[in-house]
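Please work from the sequences and hints to get the whole structure.
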Amino acid sequence: MFEIEVDGRKIQANEGETILTVLRREGVQVPTLCFMEGLLPSGACRMCVVEAEGMPALVPSCSYPAAAGMKLKTRSPKVLAARRTVLELLMANHPDDCLYCSRSGKCDLQNLSQEMGIRGRRFPATRTPQDADVSSPSIVRDPEKCVLCGKCVRVCEEIQGVSAIDFVGRGSRAHVGTAFDQGLNVSSCVNCGQCILACPTGALAERSYIDQVIAALADPSKTVVVQHAPAVSVTLAEEFGVKPGKDVDGQMVAALRRVGFKRVFDTSFTADLTIMEEGSELVHRVQTGGALPMLTSCSPGWIKFIEQFYPDLLPNVSTCKSPQQMMGALIKSFWAEREKIDPASIVSVSIMPCTAKKFECSREEMGRGGVADVDYVLTTRELGQLLRIFGVDVATIAPETADTPFGERTTAGKIFGASGGVMEAAVRTAHVLITGQEMGDLKIQPLRGQKGIKELHAKIGDLEVGAAVASGLANARKLLDEVRAGRKDLQFIEIMTCPGGCVGGGGQPIGTDQAKVRARMGALYQIDRDEASRVSHKNQHVQRLYQEFLGKPLGEKSHHLLHTHYQKREVLI
Amino acid sequence: MGTATTEKTKGAEGAEAIRAILEAHPGAGRDALIPVLQEVQEQQGFLSKEAVVQIGRHLKLPASKIYGVATFYNQFRFQPKGKYHIMLCRGTACHVKGSQRLLSSIVKLLNLQPGQTSRDRLFSLEVVACMGACGLAPVVSVNGEFYAKVTPRKLAEMIQECRQKERGDVSN
Ligand code: SF4
Ligand code: SF4
Ligand code: SF4
Ligand code: FES
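Chains U and L, in that order, are what the protein sequence lines are. Mapping of the first sequence onto our numbering: position 470 corresponds to residue 470, and the numbering continues sequentially without gaps. Mapping of the second sequence onto our numbering: position 128 corresponds to residue 128, and the numbering continues sequentially without gaps.
Derived by calculation from the structure, the hints in this document are not laboratory data. Predicted model, so just to flag it, every value in this text is computed and none were measured. Just so you know, not all the hints are guaranteed correct.
Beta-carbon label-pair distances, calculated as ranges [what the hints assert, rightly or not]:
hint, chain 1, residue 1, chain 2, residue 2, range
1, L, R101, U, R119, 35 to 45 Å
2, U, P95, L, A129, 28 to 38 Å
3, L, Q43, U, R119, 51 to 61 Å
Here are the computed lysine-lysine pairs in the DSS-like style, where the Cα-Cα straight-line distance is at most 30 Å [said to hold, decoys possible]:
hint, chain 1, residue 1, chain 2, residue 2
4, L, K49, U, K478
5, U, K443, U, K538
6, L, K81, L, K97
7, L, K49, U, K568
8, U, K222, U, K340
9, U, K443, U, K459
10, L, K60, U, K451
11, L, K60, U, K488
12, U, K488, U, K478
13, U, K568, L, K97
14, U, K478, L, K60
15, U, K478, U, K459
Even for Gly, the Cβ is constructed at its ideal location relative to N, Cα and C.
This is the structure in structure tokens:
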């Protein structure tokens, strides 16, 4: 602990802290563009400069360590002019597109320009026009709005361990691109969307399917149904300015009906179904000497990741489709039959916290006879937009419940939305499969929380069980490398692409940070605490579905509709 | 079929040659990247996707990073050279004598950026820091043959000549 002086005020700082950390703790606002909590500072944008007495140049506070006796000025004329110039230079090469931009109102560049009171262009533009990359089913990249802060590059490398993108070229031709400047669709990008959340501008956005959904809703020859993922109901309210951690499940269901969806189904129903199928698959693998540890398969970014980077471990991946795709397959088979509707006239929409789900639903494995099981995926952000377009107010609408036969869920299916939730739900049901008895206390603390890797080693009956959970694909890499190196104490591994699981998904509201992820997780576990039905095998409608249609877990029909296989994928890695 | 087989054999030979280069840089990381890229380009004429992946595997670097680093320098190319490989000197002497104008006229005439090869594989363009012929500035070379004191007009004629030669070749 030592003292520094900031704008004439004495402040305590600790060894190893950056100037920015100290200033923020003291409530001194310093603008930043390239700085990101949890990543190594790059010092690229120089937005955060401060003046340090005795130093010839201004120092970037985000990457400069505080030192004893330092005398800093954070708002001297020199500092303010420098920040302003940084901003004006960025704006010189920026299109005047705010009126049309998906990021307007949530854009760091726009906000900073407003905060600094910039009222006109000072420098002429020097960069060449560039085309947007619209090749990906999930991500749209518009290099003209890029300020080259490098956050997307760092997230892709440090958090996701993918490195699909990097800085390419230099000078006025510098841009962020893939290897050989190929389209994102043929690159190693796993469509996770974490780069969108990191981006300070509208240079990165999801590929939107709102127009297609609106058109389908207006088409009388179509039956448009919707499913919503567990993480969405605990997040959506944020799109309307409510503070994080509020569940609006009932209001959201009502709002979706108001928009015109014929049926509103809950993806947590097929999460419960996943537990039945995946649990049985695990038992089957253990009994027949199948590949272990089994790896979960519900997160499509992770699936593309393993296809590219760890194809040798593909036999370990559960053959279960994701809950979204199970629901999609059931809607266009069982439900279509029951309602006597031609599957080809059904438009199946899903609301997901995820951009990779857009890619998943377009995969060849995810349909039958040229008909896709899920037609359009909208992110939580897009649902917010859709509701605003339709003028539906989530705050005042009276709650309603989801539709049968895919509306019932247990809280085990709901906690799928948090990293560790799939595993917790699986262990609850596995306990019954192994011992014939329900667990005493259903809460499994070691599997909860925001740690990147969590493990559970326990005895269930006579069985030593080893389970691990990873979120963020760089963390997945660590576990997979251990498995490759011969680690044997794990039978089951849950992997979620995004840090914290789906609640931290790349389709969640702009401004998502770890504190918000924690609040959303809290809301999911609150639901688990409050409700009575907490184990997947007690979902009555899942049981009925087996009796009336599927037969038994891993049976013929399940095999056909709910399971699939993945293959090695050749991309430049 | 025939072509496919040749291409494949070529690919296998290429991979073998690159392996030899990589083996001379054992356990290397980021530091070895530039020398490795130079040697591979020297050997292969350009950096192919396959070569970049192979280098990446050895150095434990993602393809995007290698491409990013390589595009930072003018010396690397990612397409095979054209039948006529044009090198333009951008050294100080040539710059003073107007090589920038030459560059813009080539870019316009051939619709090529430095490092690129035309679709018909006829022309490729490379910009080099200094060819060491400053007395002759501005200098351009085509397939190793030097041309001194080149003007945009002379350049257009040179390109025209190459094109004519090609037409001759085809009609023969
Ligand atoms: S990225 Fe930001 S500044 Fe640029 S057009 Fe969009 S909202 Fe405006
Ligand atoms: S979507 Fe994910 S994998 Fe793709 S570029 Fe962005 S961070 Fe990387
Ligand atoms: S795309 Fe966004 S995050 Fe990536 S460098 Fe550009 S502005 Fe930064
Ligand atoms: S925020 Fe400090 S240099 Fe960008």
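*Pair hint K49 (chain L) and K478 (chain U), alpha-carbon separation not exceeding 30 Å*: At roughly 27 Å apart (the allowed maximum being 30 Å), K478 (chain U) and K49 (chain L) satisfy the hint.
Quiz item: Is the Cα-Cα distance between K568 (chain U) and K97 (chain L) 30 Å or less?
Solution: Given that 30 Å is the threshold and the Cα spacing comes to 55 Å, the pair is violated.
- Query: Within a Cα-Cα threshold of 30 Å, do K60 (chain L) and K451 (chain U) meet the stated pairing?
  - Reply: 27 Å, holds
- If you draw a straight line from the CA of K488 (chain U) to the CA of K478 (chain U), is it 30 Å or shorter? It holds: about 15 Å lies between the C-alpha atoms, which stays within 30 Å.
message = Need the status of pair K81 (chain L), K97 (chain L): alpha-carbon distance at most 30 Å?
response = 27 Å, holds
| Keeping to a limit of 30 Å between CA atoms, is the pair of K222 (chain U) and K340 (chain U) held or broken? | 13 Å, holds
Review point. Holds or violated: are the alpha carbons of K49 (chain L) and K568 (chain U) at most 30 Å from each other?
Key: 18 Å, holds
Outcome of range test on Cβ distance (R101 (chain L), R119 (chain U); 35 to 45 Å):
39 Å, holds
For the pair supplied as a hint, K478 (chain U) and K459 (chain U), confirm whether the alpha-carbon distance does not exceed 30 Å.
25 Å, holds
30 Å Cα cutoff - pair K443 (chain U), K459 (chain U) | 15 Å, holds
Taking 51 to 61 Å as the hint, is the beta-carbon distance of Q43 (chain L) and R119 (chain U) inside that range?
-> At 57 Å between Cβs, range holds.
Open item on the list: So if I understand the rule, the pair passes when the alpha-carbon distance is 30 Å or less; does K443 (chain U) with K538 (chain U) pass?
Closed with: 17 Å, holds
Comparing the model with each earlier hint shows a violation of hint 13 alone; every other hint is respected.
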